[in-house]
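J.: Letter by letter, the chains look like this.
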Amino acid sequence: MADINKKKIVLPLAPNEEFGSVKHLNTKKIKLPHGIPGHNLTEIEREVSADEPPALAVNDQLSVVGKRTKRIDAIYKVTGAAKYTSDIQLPGMLYGKFLRSPHPHAKIKSIDVSAAERHRGVHAVHILSVEPGGAVQRDNGHDAPAETYHVDKLPVLRYVGQPIAGVAAISDKVAREAVQLIKVEYETLPFVVDLDEAMKKGAPLVFEEKVEQQQTGGDVGGEAGAGQQGNLRGPSIGSFYGGPRGDVDQGFNESDIVVEGEFRTQVQTHCALETHGIVADWQTNMLTIYASTQSTKSVRNDLAELFDLPLSKVRVITEYMGGGFGAKFGAGHFGVMAVVLSKKSGHPVKLMLDRKEEQTTAGNRPNSQQMLKIGVKKDGTLQAIDLTSYGTAGIGLGAGVGRVAQDMYTCSNFRMAQYDVFTHAGPGAAFRAPGNVQGCFALEQLIDEIAEKLNLDPLAYRDKIDQSEIRKVERKKGAEKFGWKRKQPGSDSGVVKKGIGVAQGHWPRIIHVDSSATVRINKGGSVEIMSGVQDIGTGTKTILAQVVAEELGLKAEDITVKIGDTTYPDGPGSGGSVTAGSITPAARNAAYQAKMQLLGQVAGGWQVEIADLDMEKGEIFAKSDTSKRMSFVDATKKMRTNQIMATASRPDDYGGFEVGNAIGYDRLGSVQFAEVSVDTETGVIKVDRVVAAHSCGRPLNPLQIESQINGGVIMGVGYALYEDRIMDKETGYMVNANLDQYKLPYSKEIPHIENIIIEQYGAHSSTDASGIGEPANVATAAAIANAVYNAIGVRIYELPMTPDKVLAALQVI
Amino acid sequence: MNNKSSNEEKKAVSRRSFLKGAGVTTASTVAMSAGLLSFKAPETAPKRPPVLGPGDTEVRLEVNGQQESVWVEPRTTLAEALRDHLHLTGTKVVCDRGSCSACTVWLNDKPVCSCMTLAVDAEGSKVTTVEGLADGDTLHPVQEAFIEYDAAMCGYCTPGMVMSCAGLLKRNANPNLDDVKAATSGNLCRCGTYPKVFEATLAAAKKM
Ligand code: FES
Ligand code: FES
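Protein chains in written order, with this note's numbering: chain A, 1 to 813; chain B, 814 to 1021.
Derived from the structure by calculation, the hints contain no laboratory data. Glycine included, C-beta positions come from ideal geometry on N, C-alpha and C. There could be a bad hint or two in this list.
Straight line, CA to CA, 25 Å or less: simulated SDA-like cross-link-like pairs of lysine to any residue [stated by the list, open to error]:
#1 K344(A) / I317(A)
#2 K356(A) / R910(B)
#3 K498(A) / R910(B)
A short list of chain A residues far from chain B (calculated; beta carbon distances all over 10 Å) [to be verified]:
#4 D249
#5 E262
#6 G323
#7 A417
Assemble the whole structure, with the sequences as input and the hints as a guide.
T.: Spelled out as structure tokens, the structure:
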């Protein structure tokens, strides 16, 4: 094993070091549905690789895809049979536990683990000196071999909860006891946990040197090589959608109306029900890992690199996982520790974070302070947008506020400067539509202000400035369902005032071409699909079964889905709403190629052309001669081999990519409407109703999509009204590191939610599907904020909109 | 205690009595400082539970209709006894402090948080976990409805949700939406299955 403490942190390959687009040996032209049914549906011709399946018709002509289909693994979830990482018990398994920093900023003067090592039931102790997940100083001096404990080379402690050492023992309780026996002498240093304080001159520095951050596929990480001054790093002035545009100052000069505001959003924690954690089983021939992760391959890749193992010698399994929401990528500090402890002790080691560790060390949505200014012409045309933002991801990077101001509306003069601010707090992580949720809260309130200044209805104004065809349809259908009729702001009489509001969101269509699947047809008719992709609760298993079933003329429940294991071909990481759009075309293509092999054998037997054969409703038949017909099961019994199989990978989008190898054309649009009641005496806001109109390309399973949208809305309600990580400025501790004082929406806070799912065909792939996780969460807080304004006639610029802020806005307190 | 010598028994009794006298109520503190502490327990004193631990203690439970016996430290929670000792991992521990209800099981047919219940306090009780809710191969109507209405996403809160909702239907065969919300008001679901949980539970009630 290489000494992990000596490992250099390697930044990911710059895009230009990988190959670009792909050439095909043979191509063909196919016509695919394009547009929105009932609005502008047409057909478009695309030249695609010759081994692509034929175009899939629109949903109402299909039998499995697009139909409300029960989750195929639900039965295991409702009976308790589903085994999550936290449920894994292996023979001889030990339990790992961390010693964590009790100080927000300190150096370790001495550390003595001997009493912990001697404690009965303890098998291994290890001192950690590099923490994955946070920013890392360039030229850091973290290369002391852990075993000799050169205290001067140990990492500086930069937040309360930073891991210092780990223990593996025969039970969780014994491990906890041993951790308490580790004696550490600290030299405490000045610290800062508050965003505004950290930006002041002379504030305690989090990093003395320049830092970079290793990326783990979670769409987080400041721009490489950005400037750094004090605790301030940046600015980022562009995104994958480009840099500044036009002349912003001139744009403002030419504007008739200029609106501006300062918006603030809080730190939100992910609160997945299953905490981060790993079971590591180090054997000489294979390192086997059970991980609660959103990306099996990211865990494998991290561990292979850190421990100098070939990718083939690390196996990562995620059969069921209890939620991630962006924070569960890579091996994590707990993963690295579990592997070290397993190696040292010769036993499997389980290391699941407890709830407090989860809240303080495992990621969060960074806060933000956003200064947004927009200039428009008298007719409402956007003239200039200027955005400056600051946010803190603690010791990590990635506190930007996304691309909504840059990309949602067309505006030829645009400029932004987004800064990361370091504080002595746990690292941020990607969190469901990173940045865009924060950015949307500011942008969509300001757009409403402009509409009001122009004396236009907020929907009518968006009809004017929004180029998106899908959001146009969403606004129309949403308004109908919602019964959009807006009173004058603050005009509701009585103590409890009602109001309505709308906001829009958008999210890029991101594709990971590194997404593959194998489909196997067995003698006797059983069919399997296998991929490393994991189902994080979004329903990936079910949509894979649907896509394969559709291709083979079977039912979803006929397909056995084996995923979440790096033994199978790599799947995409599940973050950024990439999964459905990335893996389902690979699945369909593999099913199609396996089907062609089977039909080839049948065609040989029946002496017909393959093209004359098709599969439907569990049968194989010749289109030219209906007497030639055989059940799928019988046909497989006549296969010349026991199995037929094919593996396929996600090809490039049929029409190519808009940016690089990953950003597709078309955005995933959303429009959400909210109705709220605001008690002007207590300041309590209640969200009564939400109508959420969404698109995700071809909807594969509306039942699951509804669930995803509900989930995004509910998370948005929590973000808007309740959730807030509270740091004590005096001690640097998170004071609500639990699930009761960290307020979340429970059953009584759930609004009545109605969904509208709009089919949108873009002819991008063999399934033309996209994800829905992020879009579902982008617009909710902004829609609620606009509804609150409509109710009480005063705007609230800061999240969460707690009673004190409402009463302050009403000038009652 | 039957096979203990009378000497041992006496020691045990006096130790218990002392512990009683040293209780932290104001009255006993006053009594102690006034030198009035009596080491003899009054005849009418309620029976005190035996002092257990720190070693393992046997706890007998009826779990999902099965007689079980586990040896656990007295500090072991019912959730830990079920998960770590009986390998019934359907019950989940999420907050370990009574704020999420993921660990809900039925104790003598009433939903409780198994993370807030000591295993020793469940001695002799009937425990029903999510694994024991179905009747053989026939799922409980709430389980059926959860599948039908997509009320389980990641599924980690689901065992607790199912036990809360099935518990409601046991007490109230004809609940309305507010009853379901009240019954699940302690259940955290971060995936946001609540609307589907409400639908499913109301539908299950209709079917039962
Ligand atoms: S785990 Fe028992 S209530 Fe949360
Ligand atoms: S289904 Fe994931 S937490 Fe409820």
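J.: Each hint should be assessed against the structure and marked as holding or not.
T.: Do the hints match the structure? See the list:
1. K344(A) / I317(A): OK: K344(A) and I317(A) at ~22 Å, within 25 Å.
2. K356(A) / R910(B): Holds, at about 11 Å.
3. K498(A) / R910(B): 37 Å, violated
4. D249: At about 44 Å from chain B, D249(A) clears the 10 Å cut-off, so the statement holds.
5. E262: Consistent with the label, E262(A) stays out of reach of chain B, its closest Cβ about 30 Å off (over 10 Å).
6. G323: 4 Å, violated
7. A417: 34 Å, holds
Hints 3 and 6, counting from the list given before, are not met by this structure.
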